[in-house]
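Once you've looked at the hints, dock chain B against the given chain A.
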Amino acid sequence: MAVITGTADNFDTEVLQSDIPVLVDFNADWCGPCQILKPTIEEIAEENKSVKIVSVNIDDEEDLSDEYDVFSIPCLVLFRNGEEAGRSVGLKNKDEILDLIGGN
Amino acid sequence: MYDIIIIGAGPAGLTAAIYARRAAKSTLVIEAKGFGGQIIKTPDIENYPVEQHISGLDFATKLYNQTVALGAEFIFEKATSIKDNGKTKTVVTPKSEYEAKAVIIATGSESRLLGVEGEAEFTGRGVSYCATCDGLFFRNKAVAVVGGGNTALEDALYMADIAEKVYLIHRRDEFRGEETTVSRLKERENVEIIYNSTVTKLIADKRLRGIEVTDKQGNTRELEIRGLFVAVGRIPENKNFGDIIELDASGYAVSSENCLTKTNGVFVAGDNRGKEVRQLVTATADGAVAATQAVRYISNLNI
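Protein chains in written order, with numbering that gives the first Met the number 0: chain A, 0 to 103; chain B, 0 to 302.
Among the clues, some could well be false.
Below, simulated DSSO-like cross-link-like pairs (lysine-lysine); rule was C-alpha separation at most 27 Å, straight line [stated by the list, open to error]:
{"#": "1", "chain 1": "B", "residue 1": "238", "chain 2": "A", "residue 2": "93"}
{"#": "2", "chain 1": "A", "residue 1": "37", "chain 2": "B", "residue 2": "164"}
{"#": "3", "chain 1": "B", "residue 1": "274", "chain 2": "A", "residue 2": "93"}
{"#": "4", "chain 1": "A", "residue 1": "37", "chain 2": "B", "residue 2": "40"}
{"#": "5", "chain 1": "B", "residue 1": "40", "chain 2": "A", "residue 2": "93"}
{"#": "6", "chain 1": "B", "residue 1": "205", "chain 2": "B", "residue 2": "238"}
{"#": "7", "chain 1": "A", "residue 1": "48", "chain 2": "B", "residue 2": "82"}
{"#": "8", "chain 1": "B", "residue 1": "94", "chain 2": "A", "residue 2": "93"}
{"#": "9", "chain 1": "A", "residue 1": "37", "chain 2": "B", "residue 2": "274"}
{"#": "10", "chain 1": "B", "residue 1": "94", "chain 2": "A", "residue 2": "37"}
{"#": "11", "chain 1": "B", "residue 1": "274", "chain 2": "B", "residue 2": "40"}
{"#": "12", "chain 1": "B", "residue 1": "185", "chain 2": "A", "residue 2": "48"}
{"#": "13", "chain 1": "B", "residue 1": "32", "chain 2": "A", "residue 2": "48"}
{"#": "14", "chain 1": "A", "residue 1": "37", "chain 2": "B", "residue 2": "61"}
{"#": "15", "chain 1": "B", "residue 1": "82", "chain 2": "A", "residue 2": "93"}
{"#": "16", "chain 1": "B", "residue 1": "205", "chain 2": "B", "residue 2": "215"}
{"#": "17", "chain 1": "A", "residue 1": "93", "chain 2": "B", "residue 2": "32"}
Distance windows between CB atoms, simulated [stated by the list, open to error]:
{"#": "18", "chain 1": "B", "residue 1": "172", "chain 2": "A", "residue 2": "58", "range": "32 to 42 Å"}
{"#": "19", "chain 1": "B", "residue 1": "171", "chain 2": "A", "residue 2": "41", "range": "22 to 32 Å"}
{"#": "20", "chain 1": "A", "residue 1": "48", "chain 2": "B", "residue 2": "182", "range": "52 to 62 Å"}
{"#": "21", "chain 1": "A", "residue 1": "29", "chain 2": "B", "residue 2": "111", "range": "20 to 30 Å"}
{"#": "22", "chain 1": "B", "residue 1": "139", "chain 2": "A", "residue 2": "28", "range": "18 to 28 Å"}
{"#": "23", "chain 1": "B", "residue 1": "242", "chain 2": "A", "residue 2": "97", "range": "52 to 62 Å"}
{"#": "24", "chain 1": "A", "residue 1": "65", "chain 2": "B", "residue 2": "116", "range": "47 to 57 Å"}
Derived by calculation from the structure, the hints in this document are not laboratory data. Since the structure is predicted, the reported quantities are computational estimates derived from the model, not experimental observations. All C-beta atoms, glycine included, are put in the ideal place defined by N, C-alpha and C.
So that you can see chain A by itself, here it is in the shape it has in the complex:
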């Protein structure tokens, strides 16, 4: 699946109401580690049908990052059935992200 752009408008339907787990990638254009992480996130999105990947630009969506207490990026938050089920802050490798998705 392609990475979906998350906004305040679609967050409820795409993330909170999703039937499958959703990994939300909070990021920004100016954040170096976020850009390094991006290809890995896209790779995981292409390879995994059982999880949805949503990318939230924190500069465009300040309210979302505030609502979910995101104060450092890159920040990956896993949602299951509309609830936070896991979180990872900082640059991670692919296996660590797959662990976050699979281990929760």
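Below, chain B alone, put in the same frame as chain A:
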């Protein structure tokens, strides 16, 4: 088997990969997180020869692309130990083992933790180790910076432009960092310096709400803040290799100017090596030296 394994894909490790590949040695770079190292957090590099200005991300991306074009291979796993088999070395990761004739350790350093309860839990929820990365989350909020070196002083000055109020907490009565930065800080109306004090408690629910600060006499004070920037130094990432290389009292790799270690065929490069000056240009220089020495070592191996 590879000729050379390089642990770490920061500027030192990537430069080593360039030199190794240009000497036609098969080269594997093993990186724990992602390429670039610490430099990707720097928005502006203005002291590297030739480029008047480049961002850390652009610098790292160009350097990485250069090594890939030269034929270096990459895997993203954490190296947990190195085994010395004499003429070969084995690098162990949680998933696999990789063998090479020579190994270059270019693992860099990581932020030193404050050591206060709840620190890990609230990292990313108010606790941060990088003001230039996370500072904008605290626009017009109160924050604190902890530390006494140049990084702490510069972080406090950077946050003074963004935050409503900046507390700078230092455990001593004077700063190690540059005097000019200290005087610039003292001129700022929204900066309050708290000397002889340490952070003794984090006050938080789902996010950081404040801290408790205790001075040398044992008096405590609560500060209502949203962001806590920890700048209390860095620790070299050598702890997995203490058996194969010698470490000094601070954990840095003991090596000669030629990046050699006590184990033949194991070299060190970059910020994890004991040296006086840790700059981008000295990291890349180390990479060149270590790879050249590794190539020389291999040619004398006779295997």
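Now the hints, each set against the structure:
| no. | hint | in the structure |
| --- | --- | --- |
| 1 | B/238 to A/93 | holds (23 Å) |
| 2 | A/37 to B/164 | violated (34 Å) |
| 3 | B/274 to A/93 | violated (33 Å) |
| 4 | A/37 to B/40 | holds (15 Å) |
| 5 | B/40 to A/93 | holds (20 Å) |
| 6 | B/205 to B/238 | violated (32 Å) |
| 7 | A/48 to B/82 | violated (39 Å) |
| 8 | B/94 to A/93 | holds (13 Å) |
| 9 | A/37 to B/274 | violated (34 Å) |
| 10 | B/94 to A/37 | holds (23 Å) |
| 11 | B/274 to B/40 | holds (22 Å) |
| 12 | B/185 to A/48 | violated (56 Å) |
| 13 | B/32 to A/48 | holds (24 Å) |
| 14 | A/37 to B/61 | holds (16 Å) |
| 15 | B/82 to A/93 | holds (25 Å) |
| 16 | B/205 to B/215 | violated (30 Å) |
| 17 | A/93 to B/32 | holds (8 Å) |
| 18 | B/172 to A/58: 32 to 42 Å | holds (40 Å) |
| 19 | B/171 to A/41: 22 to 32 Å | violated (47 Å) |
| 20 | A/48 to B/182: 52 to 62 Å | holds (59 Å) |
| 21 | A/29 to B/111: 20 to 30 Å | holds (26 Å) |
| 22 | B/139 to A/28: 18 to 28 Å | holds (22 Å) |
| 23 | B/242 to A/97: 52 to 62 Å | violated (30 Å) |
| 24 | A/65 to B/116: 47 to 57 Å | violated (25 Å) |
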